[in-house]
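Visitor: Residue numbers (the numbering used here), protein chains in the order written: chain A, 1 to 326; chain B, 1 to 71; chain C, 1 to 344.
For the record, the hints were derived by calculation from the structure and aren't laboratory data.
Note that this is a predicted model, so its numbers are computed, not measured.
There may be inaccurate statements among the hints.
Calculated Cβ distances over 12 Å to all of chain B for the following chain C residues [claimed, not checked]:
{"hint": "1", "residue": "Lys4"}
{"hint": "2", "residue": "Lys11"}
{"hint": "3", "residue": "Ala29"}
{"hint": "4", "residue": "Gly129"}
{"hint": "5", "residue": "Gln143"}
{"hint": "6", "residue": "Pro163"}
{"hint": "7", "residue": "Thr166"}
{"hint": "8", "residue": "Leu196"}
{"hint": "9", "residue": "Thr199"}
{"hint": "10", "residue": "Lys233"}
{"hint": "11", "residue": "Asn234"}
{"hint": "12", "residue": "Asn238"}
{"hint": "13", "residue": "Asp270"}
{"hint": "14", "residue": "Glu279"}
{"hint": "15", "residue": "Asn309"}
{"hint": "16", "residue": "Leu323"}
In silico lysine-lysine, DSS-like type, Cα no more than 30 Å apart, as pairs [said to hold, decoys possible]:
{"hint": "17", "chain 1": "C", "residue 1": "Lys33", "chain 2": "A", "residue 2": "Lys156"}
{"hint": "18", "chain 1": "C", "residue 1": "Lys247", "chain 2": "C", "residue 2": "Lys96"}
{"hint": "19", "chain 1": "C", "residue 1": "Lys4", "chain 2": "C", "residue 2": "Lys43"}
{"hint": "20", "chain 1": "C", "residue 1": "Lys247", "chain 2": "B", "residue 2": "Lys8"}
{"hint": "21", "chain 1": "C", "residue 1": "Lys4", "chain 2": "B", "residue 2": "Lys22"}
{"hint": "22", "chain 1": "B", "residue 1": "Lys56", "chain 2": "C", "residue 2": "Lys317"}
{"hint": "23", "chain 1": "C", "residue 1": "Lys96", "chain 2": "A", "residue 2": "Lys300"}
{"hint": "24", "chain 1": "A", "residue 1": "Lys270", "chain 2": "A", "residue 2": "Lys282"}
Even for Gly, the Cβ is constructed at its ideal location relative to N, Cα and C.
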Amino acid sequence: MKITMAHGSGGKTSAELMSSVFGKHFKNSVLDKMEDAAVLDISGRIAFSTDSFVVTPVQFKGGDIGKLSICGTVNDLLMMGAEPAYITCGFILEEGLEIETLDEIARSMALQAKEAGVIIAAGDTKVVEGSGGLYINTSGIGRIPQGRDVSAANCKPGDKILLSGTLGDHHACILSARMEIENNITSDCGCLRDITEALFEGGITVRTMRDVTRGGLGTILNEIADNSGCKIQLQEEAIPVNEEVRGFADILGLDPLYMGNEGKMITVVKGEQAQEALALIKQTEHGKHAAIIGEVEEGKGTFITTRLGGSRVLDVLYGEGLPRIC
Amino acid sequence: MCIAIPGKVIASDGTTAQVDFKGNTVDVNVGLVDPRPGQYVLVHAGCAIEVMEQDKAQELIDLFAELEDLS
Amino acid sequence: MEIKEVIKYLKAYDGPEIKLMEVCGTHTASIFKNGIRSLISPKIQLISGPGCPVCVTPTAYIDKCIEYAMKPEHVLLTFGDMMKVPGTEGSLSDMKGKGAKTELMYSPFEALEKAKAHPDITYVIAAVGFETTAPAYALMMEQTKCEEIRNIRLVTALKTIIPALTWICENQTDIDGFICPGHVSVIIGSEPYEALAETYKKPFVVAGFEAEHILAVIYDLVRQIEKKQAQVKNLYPNAVHQGGNQKALDVMSRYFEAGPAMWRGLGTIDASGLYLKDESYDGGSRGLDADMELPAGCRCSDVIVGNINPDECPAFKNKCTPLSPFGPCMVSAEGACGIWYRNQ
């Protein structure tokens, strides 16, 4: 069975799709009321974020667009030190999409939302003409507990920079599928809550956290250096990259430092807490391959010390990279 | 533009070879070379342009050995 | 000798100023990526040469590609670098919004499957490159003919490096030595540099692309210059042979013949271009010499021949950036200006 324009009509066919797919997977006390808007009890400082997901293929090794749409928004909230609580999902379906595919994606979203500890509080579906594509927008809110002050402007000389794992896995996974290159590269698509909780519960003073998505590590570190008015100095050899991803990047002339990820973050902490923070991150599911990759110094810009001891600037990504990886 | 990288030949039918780049398998045209499985080829734009004589680690050792003779 | 000693020597070098030219854009990229300049004395200058095929391609060629991309029942296949090069009316990327049909290719062989699957569409390949890439196009032509595929055309901007090096030796006499392009040399061998070394009394050393390769070649060139030698050496013997790859040279000469070609910055050089012998597969590649007037203040032509480094151009970093390139060398990922901008 495929999606037709009738599924977006608002009539009986729409209602059937709602109950047979979304109703089945997204059951919860907020959504089940079927009101025009969710009514939530929430107070204090709140982080609020939205993101749209347009990846092709919609299903890939290690995840799908549904899992990605939950993790992406949840990770954005986590990076502000928030505890994600509620999320909304807007679907734009192209006619011709297999309902079975949509069902699998909705199931994976429900599973990921549960794992991430967020409730799907509202949703919407529209159908447009097309050729079986599927796009998702998610918005989320989370509470920021008292005393947390996480911002890209907080870094100070002497701080250390920690990366939670290998670079480029998601980007390489998606491009491999599109270019039909065979390998075992799996997307790192995942929710980083285990890492942020480990850090806060472990008493680490977190200056800055950022998920390393589009634009890659190079772009994100430049933003942090700019915002904090500091210089960032990295050690090339300390930056973890999976060998298979490195081989893939070589084939296409890509640089893992600019490749997109969907389950990686950098954390900047006070120098004296760096080893402790590293140990905490390494104990988590998503941080097993974490490493200290550099430090914050007086000055400006982002630099990298190369394998043979040379030094060069690490600039932001220019141009398009390649589209639709997230 | 002139980027070329080495990969290991897994199998070849004389026209196309399956070449492994650190775990990534790609079909490569071998019209310009005649590699045996197990050998490394240098690949540019989907085309093997040469058979490499040795692996990269050994190559770099020999490179500096050569320089010593020169100085 | 060990790498550490090589670096120590190059860092401590305090003799007369030496200018070395790396001809190949991929070498320029590797020099930056590995921070090579920070490992050697400022008295050893590395000058980027004309080895980025995209940067030396004239406007008339881009216009011809756009003409095909806009034509009904035609699709232009191109490597990604070409998309942003400005033509008279805009780049291929700009024209995409106006209906230009372009597809990115990783390898020219992709054209064969596409052409067979869509016999009603003519696939026009923007065949840009040096000797490294030319044999791949030739092999693809061989298969095209063998399988009697009729809906493929090539618009060639294929160039050969020896005529350009000869031009540079004639006109840029202050270059002391050359880092020869490793992958072009895989095809042509190290032998063609012999005549240049002898005529112009300068050393030519073939280099691979790892940091170690490049440092070893710089060391060798500096030592040769100090000893007033002018030898051709091959420090990439793992891939480069003296005579090159004979099969590749054979297939190239079966399908291509030499002709004059226009290089931005250098002008038209005799016998520096490769053109299809069988014109029935050619999309009108000859005589695409017309080049845009470089915008006032743009010194790309001086950058291409190594007269100045990119940061000496008045437009660099203020009028001309990768997001809004003013001159062609800023456009390509291998253009000297683009590489300098991203890595300085």
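Visitor: Hint by hint, say whether it matches the structure.
Guide: Verification of the hints:
1. Lys4: Label violated. Min Cβ-Cβ 10 Å, cutoff 12 Å.
2. Lys11: holds (16 Å)
3. Ala29: violated (8 Å)
4. Gly129: violated (6 Å)
5. Gln143: Check fails; 8 Å does not lie beyond 12 Å.
6. Pro163: holds (17 Å)
7. Thr166: holds (19 Å)
8. Leu196: Given a closest Cβ separation of 19 Å, the condition holds.
9. Thr199: It holds; C:Thr199 is separated from chain B by about 23 Å at its closest Cβ, greater than 12 Å.
10. Lys233: violated (8 Å)
11. Asn234: violated (10 Å)
12. Asn238: violated (4 Å)
13. Asp270: The assertion about C:Asp270 holds, with a minimum of 23 Å to chain B.
14. Glu279: Non-interface label on C:Glu279 holds, nearest chain B Cβ at 23 Å vs cutoff 12 Å.
15. Asn309: Non-interface label stands for C:Asn309: nearest chain B Cβ at 21 Å, farther than 12 Å.
16. Leu323: Non-interface label stands for C:Leu323: nearest chain B Cβ at 21 Å, farther than 12 Å.
17. C:Lys33 / A:Lys156: holds (27 Å)
18. C:Lys247 / C:Lys96: Distance ~38 Å between C:Lys247 and C:Lys96 Cα, so the pair is violated.
19. C:Lys4 / C:Lys43: It holds: about 19 Å lies between the C-alpha atoms, which stays within 30 Å.
20. C:Lys247 / B:Lys8: Holds, at about 20 Å.
21. C:Lys4 / B:Lys22: Holds, at roughly 28 Å.
22. B:Lys56 / C:Lys317: Judged against 30 Å, a Cα distance of about 38 Å means the pair is violated.
23. C:Lys96 / A:Lys300: Measuring from Cα to Cα gives roughly 38 Å; hence the hint is violated.
24. A:Lys270 / A:Lys282: Holds - the C-alpha atoms of A:Lys282 and A:Lys270 are around 18 Å apart, at most 30 Å.
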